[in-house]
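Going down the list, the protein sequences come from chains A and B.
The C-terminal position of the first sequence is numbered 200 in the working numbering, with every residue numbered one higher than the one before it.
The C-terminal position of the second sequence is numbered 200 in the working numbering, with every residue numbered one higher than the one before it.
Hint data in this document are derived by calculation from the structure and do not stem from the laboratory.
Among the hints, erroneous ones may be present.
Claimed, not checked - Only pairs whose alpha carbons sit at most 25 Å apart, straight line, appear in this in silico SDA-like list of lysine to any residue:
| no. | chain 1 | residue 1 | chain 2 | residue 2 |
| --- | --- | --- | --- | --- |
| 1 | B | Lys185 | A | Ala170 |
| 2 | A | Lys185 | B | Ala74 |
| 3 | B | Lys185 | A | Val148 |
| 4 | A | Lys183 | B | Ala174 |
| 5 | A | Lys117 | A | Leu172 |
Number of protein chains: 2
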Amino acid sequence: MPQGRVDVVPDDGLTTRQRRRQPVLTVHTGPGKGKSTAAFGMALRAWSAGWPIVVFQFVKSPKWKVGEETALRALGEVPGGAPVTWHKMGEGWSWIQRPGSERDHAVEAAQGWARIKEDLAAEAYRFYVLDEFTYPIKWGWVDVDDVVATLRDRPGSQHVVITGRDAHPALLGAADLVTEMTKVKHPMDAGRKGQQGIEW
Amino acid sequence: MPQGRVDVVPDDGLTTRQRRRQPVLTVHTGPGKGKSTAAFGMALRAWSAGWPIVVFQFVKSPKWKVGEETALRALGEVPGGAPVTWHKMGEGWSWIQRPGSERDHAVEAAQGWARIKEDLAAEAYRFYVLDEFTYPIKWGWVDVDDVVATLRDRPGSQHVVITGRDAHPALLGAADLVTEMTKVKHPMDAGRKGQQGIEW
Chain A
1 MPQGRVDVVP DDGLTTRQRR RQPVLTVHTG PGKGKSTAAF GMALRAWSAG
51 WPIVVFQFVK SPKWKVGEET ALRALGEVPG GAPVTWHKMG EGWSWIQRPG
101 SERDHAVEAA QGWARIKEDL AAEAYRFYVL DEFTYPIKWG WVDVDDVVAT
151 LRDRPGSQHV VITGRDAHPA LLGAADLVTE MTKVKHPMDA GRKGQQGIEW
Chain B
1 MPQGRVDVVP DDGLTTRQRR RQPVLTVHTG PGKGKSTAAF GMALRAWSAG
51 WPIVVFQFVK SPKWKVGEET ALRALGEVPG GAPVTWHKMG EGWSWIQRPG
101 SERDHAVEAA QGWARIKEDL AAEAYRFYVL DEFTYPIKWG WVDVDDVVAT
151 LRDRPGSQHV VITGRDAHPA LLGAADLVTE MTKVKHPMDA GRKGQQGIEW
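With the hints as constraints, model all of the structure from the sequences given.
Here's what the structure looks like:
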């Protein structure tokens, strides 16, 4: 990765320092592995930079727990280190009181997005991972125009990474950085089992 | 990621438990971002599983320091957590005493690979990140046949992730899991500067 060299100097009236503080919207998409894993790897850098981190996982199952969660939560506990906040849709979002056991994923996805909007407006964090967030957009549970407008107009220097297959074209259009992960070869093709520490 | 479901049950005489302990060789290649970042994200899972981790970075510059290093080293210091060891070629490999300031990257790459072979033979770690290791192979500083044979015959349950562009075909052939990262869009294309916390 070349650091600090650019081919074109943009005519945007910004100083280099200002450009270095521009918030980045990243999308990891494609059918291959590594989309979420690379997002959590980016969170390592954010943590190292001292930035408060939040993860919103738009996963359906409460059982879906990844090793990254344990590790990033542990980092968030390191004295003097940046805090790490982790919200999981599959657990019904930590901030919502729920009387019954009735679950509606569309409602929950909208609740998650509403909270993200609040946090962005309040500049509550410097680094956001919206894990598997392409799916509620794809399924129409969250309005893509609202997502694009909210991210475009977010205040301050808040970096956002969105992961998931089938990213909406409008989201890709709004992103500063898009990487597509392509599956070349996978051990499950050969009938191998997923393994703790590797798959989750 | 479907957990535990496979389309084909291999006729390898192994139990599911044995198959779950099979060591995995992963390669992240391609021109896009996220190759190393996803490898370090995988290290989060490995750490969470309690596996001793080692990173060998085949980078030339001693100045090349990424946020992942700071964060993973911090994890390695968490009481009761798995240890994290970090070796960097750019610093001349920590275990080598060097009298002068003369540097030879080809020699250093070979020294790094020799150490990896020793560690694999001794089963010194459970999770290895060989960051940017495709390049010394490509440049002929490390013999690809030796790499493939060593990895194929490594004892125990040692997982290895190799990153870098232009992975050698023999390496891809030996890998269990290959993901190609494709650049779709990058902010430097628009003349934006790399940013701490995002690019390194």
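Next item on the list: Could you work out which earlier hints the structure fails to respect and list their numbers in ascending sequence?
Entry: 2
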